[in-house]
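Q: Listed below, chain by chain, are the residues.
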Amino acid sequence: MMVGVVTFLVEKKYLGTRLTIMRNVMAFGFSFIVAGLMGMILG
Amino acid sequence: MKAKRYVFPLVMAAVVYAVFAADNQLGRSVLSITGSSFLEMLSVIPPIFILLGLLDVWIPRERIIRHLGEESGIKGIVLSFLLGAAAAGPLYGAFPIAAVFMKKGVKFSNVLIFNGAWSTTKIPMFMFEMGSMGAGFALLRLVINIPGILLMAVILERITGKESIEAIYAQCTCLSE
Numbered sequence: 097m098m099v100g101v102v103t104f105l106v107e108k109k110y111l112g113t114r115l116t117i118m119r120n121v122m123a124f125g126f127s128f129i130v131a132g133l134m135g136m137i138l139g
Numbered sequence: 009m010k011a012k013r014y015v016f017p018l019v020m021a022a023v024v025y026a027v028f029a030a031d032n033q034l035g036r037s038v039l040s041i042t043g044s045s046f047l048e049m050l051s052v053i054p055p056i057f058i059l060l061g062l063l064d065v066w067i068p069r070e071r072i073i074r075h076l077g078e079e080s081g082i083k084g085i086v087l088s089f090l091l092g093a094a095a096a097g098p099l100y101g102a103f104p105i106a107a108v109f110m111k112k113g114v115k116f117s118n119v120l121i122f123n124g125a126w127s128t129t130k131i132p133m134f135m136f137e138m139g140s141m142g143a144g145f146a147l148l149r150l151v152i153n154i155p156g157i158l159l160m161a162v163i164l165e166r167i168t169g170k171e172s173i174e175a176i177y178a179q180c181t182c183l184s185e
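In order, the protein sequence lines correspond to chains A and B. Each residue of the first sequence is one higher than the one before, counting from 97 in my numbering. Each residue of the second sequence is one higher than the one before, counting from 9 in my numbering.
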């Protein structure tokens with residue numbers, strides 16, 4: 097969803113290394129939360 | 009510095025060559041993915057930059073600050089979501105737009121909301137999702153994602169800190185001149 101590994105270098109240029117890493121890590125974690133919730137509700 | 013920017017593509021070209029040597033079939037699919045990504049960038053980046061130029065010139069800073077700036081409140085949040093959702097194209101297209109937003113004085117959390125909305129609530133993608141995964145799946149994902157985007161934007165703004173945010177604004181202003 098919001099995680100971009102290949103675009104890390106572009107993102108870093110705009111948002112800086114620290115924020116880019118934090119944003120991607122959070123988005124990665126959030127993906128699991130979404131997946132878990134959707135699995136619970138739909139499954 | 010100028011030559012440095014070509015290091016990564018050259019390394020990747022060597023990797024593709026190695027993949028070809030190891031497995032011809034795999035090499036072909038690598039090359040075809042590279043080709044389609046390249047075409048995607050060629051078709052997405054120029055229109056975005058043209059629209060960005062127009063946005064930069066036509067819309068005055070005061071108006072943007074009024075609707076999306078520090079004091080914009082709920083209206084700014086909703087507008088950021090709508091702007092992100094109206095987008096088409098991959099996330100890397102959102103960063104230059106975010107940079108111009110920052111140059112124009114958009115609140116940092118609204119920039120992050122815009123980025124989040126762009127990546128997960130794009131309307132064209134949503135339509136496709138409704139068709140292929142069903143309306144229930146698509147709507148549920150939207151309902152879960154919207155608070156998540158909001159929460160992540162607020163948390164990221166908090167933990168980034170005032171000075172870093174100012175540094176990012178300065179960097180983005182410089183990049184979008």
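Derived by calculation from the structure, the hints in this document are not laboratory data. Check before you lean on any hint, since a few could be wrong.
Claimed, not checked - The calculated label-pair distances, taken between Cβ atoms and stated as ranges, are:
1) B:11 / A:137: 51 to 61 Å
2) B:22 / A:109: 18 to 28 Å
3) A:109 / B:54: 11 to 21 Å
4) A:109 / B:18: 18 to 28 Å
5) A:104 / B:18: 33 to 43 Å
6) A:124 / B:61: 46 to 56 Å
7) B:48 / A:109: 15 to 25 Å
8) B:31 / A:129: 29 to 39 Å
9) B:18 / A:136: 44 to 54 Å
10) B:136 / A:138: 39 to 49 Å
If you're wondering where the values come from, they're calculated on a predicted model, not measured in any experiment. Backbone N, C-alpha and C fix where the C-beta goes; we use that ideal spot for every residue, glycine too.
Q: For each hint, tell me whether it holds in the structure or not.
A: Hint-by-hint comparison with the structure:
no., hint, verdict
1, B:11 / A:137: 51 to 61 Å, "holds, 52 Å"
2, B:22 / A:109: 18 to 28 Å, "holds, 24 Å"
3, A:109 / B:54: 11 to 21 Å, "holds, 19 Å"
4, A:109 / B:18: 18 to 28 Å, "holds, 19 Å"
5, A:104 / B:18: 33 to 43 Å, "violated, 18 Å"
6, A:124 / B:61: 46 to 56 Å, "violated, 34 Å"
7, B:48 / A:109: 15 to 25 Å, "holds, 19 Å"
8, B:31 / A:129: 29 to 39 Å, "holds, 37 Å"
9, B:18 / A:136: 44 to 54 Å, "holds, 47 Å"
10, B:136 / A:138: 39 to 49 Å, "violated, 19 Å"
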